[in-house]
Amino acid sequence: KAGVTQTPRYLIKTRGQQVTLSCSPISGHRSVSWYQQTPGQGLQFLFEYFSETQRNKGNFPGRFSGRQFSNSRSEMNVSTLELGDSALYLCASSLANSKEQFFGPGTRLTVL
Amino acid sequence: AQKVTQAQTEISVVEKEDVTLDCVYETRDTTYYLFWYKQPPSGELVFLIRRNSFDEQNEISGRYSWNFQKSTSSFNFTITASQVVDSAVYFCALSRGETSGSRLTFGEGTQLTVNP
Chain S
1 KAGVTQTPRY LIKTRGQQVT LSCSPISGHR SVSWYQQTPG QGLQFLFEYF
51 SETQRNKGNF PGRFSGRQFS NSRSEMNVST LELGDSALYL CASSLANSKE
101 QFFGPGTRLT VL
Chain F
1 AQKVTQAQTE ISVVEKEDVT LDCVYETRDT TYYLFWYKQP PSGELVFLIR
51 RNSFDEQNEI SGRYSWNFQK STSSFNFTIT ASQVVDSAVY FCALSRGETS
101 GSRLTFGEGT QLTVNP
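Quick mapping for you: the protein sequence lines, in order, are chains S and F. Read in my numbering, the first sequence has 97 at position 97, and its numbers run on one by one without any break. Read in my numbering, the second sequence has 41 at position 41, and its numbers run on one by one without any break.
Okay, chain S solo, but in the shape it has when bound (with noise of 0.2 angstroms):
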């Protein structure tokens, strides 16, 4: 079985842009999260989508967005980007009401 797959992996984007990043969970999958890791603040979590719905969301400004597509695919959205969001972002996938989350091999944005 395929893992969760992102794209692009790498992105580089300057000030102010905007960009959209893709995860395709585990077939199977309904739920699907995204991460932002950075040095400083480390893991944190952005949102969670099951069955098209934002279930849960972390402490992120308006500007990160998210959407979930009737075959489980998540975008995420990054609107008038800031040095500060350069990181890794991860997306994990799990079955619907498990707590197994399995990660993708993530899109690291550097914004210049």
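Hints in this document: simulated from the structure, not taken from any laboratory. A few of these clues could be false.
[To be verified] A few chain S residues that don't get close to chain F, going by computed Cβ distances all over 12 angstroms:
no.	residue
1	13
2	19
3	22
4	28
5	52
6	63
7	70
8	81
9	84
10	107
[To be verified] Residues from chain S that face chain F, not an exhaustive set, calculated with beta carbons under 8 angstroms:
no.	residue
11	45
12	64
13	100
[Unchecked claim] Computed list of lysine to aspartate or glutamate pairs in DMTMM-like fashion (alpha-carbon distance at most 20 angstroms, straight line):
no.	chain 1	residue 1	chain 2	residue 2
14	F	38	S	100
15	F	3	S	75
16	F	3	F	26
17	S	57	F	29
18	F	3	F	29
19	F	70	F	59
Positions of the beta carbon are idealized from the N, C-alpha and C atoms, including for glycine.
Could you slot chain F onto chain S? The hints should help.
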């Protein structure tokens, strides 16, 4: 609020040594789950173990073992006879009970370096 603390930022050992990674957690929930993940240089978080709050049995999987003690709110991870391939960042994480989705609260991580 939930919190996970991994006091050891970096640990360096020589191959074949045993090493224990500490994890202390805080939660007001009676039902919760604890996890350990490994993050090699490639960046992907690899799931190692899940333990729920009602199961304090220690677990051993090959060279890995986990010690869960609710009395001290600790969930420590021991690698026996460490190998160079064990070098990675290890994260302890906490998740709330049944109805709260899959959100994980992570500790700061412990960078383990195993030298040949």
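Hints and how they fare:
Remark: the non-interface label on residue 13/S is consistent with the geometry, its nearest Cβ contact in chain F lying 19 angstroms away (cut-off 12 angstroms). For residue 19/S, the non-interface assignment is confirmed: its Cβ lies about 18 angstroms from the closest Cβ of chain F, beyond the 12 angstroms cut-off. The beta carbon of residue 22/S sits about 16 angstroms from the closest Cβ of chain F, which is more than 12 angstroms, so the claim that it is off the interface holds. Distance to chain F confirms residue 28/S as a non-interface residue, since its nearest Cβ pair spans about 15 angstroms, more than 12 angstroms.
The claim that residue 52/S is not at the interface with chain F holds, since no C-beta of that chain comes within 12 angstroms of its own (minimum 14 angstroms). Consistency note on residue 63/S: stated as away from chain F, and its beta-carbon is indeed over 12 angstroms from all of that chain's, at 20 angstroms minimum. A cut-off of 12 angstroms between C-beta atoms confirms that residue 70/S is not in contact with chain F; the least separation is 19 angstroms. Non-interface status of residue 81/S relative to chain F is upheld: no Cβ of that chain comes within 12 angstroms, the nearest being about 20 angstroms off.
With a least CB separation of 18 angstroms from chain F, residue 84/S remains clear of the 12 angstroms interface cut-off, as annotated. For residue 107/S, the condition that its CB be more than 12 angstroms from all CB atoms of chain F is violated, with the nearest at approximately 10 angstroms. Taking 8 angstroms as the C-beta contact cut-off toward chain F, the hint placing residue 45/S at the interface holds, the least distance being around 5 angstroms. Contact between residue 64/S and chain F, as hinted, is not supported at the beta carbon level, the nearest pair being about 15 angstroms apart and thus beyond 8 angstroms.
Annotation: residue 100/S was flagged as interfacial toward chain F, and the flag holds, the nearest CB pair being 6 angstroms apart, inside 8 angstroms. Of the pairs offered as hints, the one joining residue 38/F and residue 100/S holds, with about 14 angstroms between alpha carbons and a cut-off of 20 angstroms not exceeded. Taken as a hint, the residue 3/F and residue 75/S pair is broken in the structure, with Cα atoms around 28 angstroms apart against an allowance of 20 angstroms. With a C-alpha separation of about 5 angstroms, the suggested pairing of residue 3/F with residue 26/F holds against the 20 angstroms cut-off.
Proposed proximity of residue 57/S and residue 29/F is supported: the alpha carbons are some 19 angstroms apart, at most 20 angstroms. Restraint check for residue 3/F and residue 29/F: satisfied, since their Cα atoms lie roughly 12 angstroms apart, inside the 20 angstroms limit. For a cut-off of 20 angstroms, the pair hint linking residue 70/F to residue 59/F stands: about 15 angstroms separates their Cα positions.
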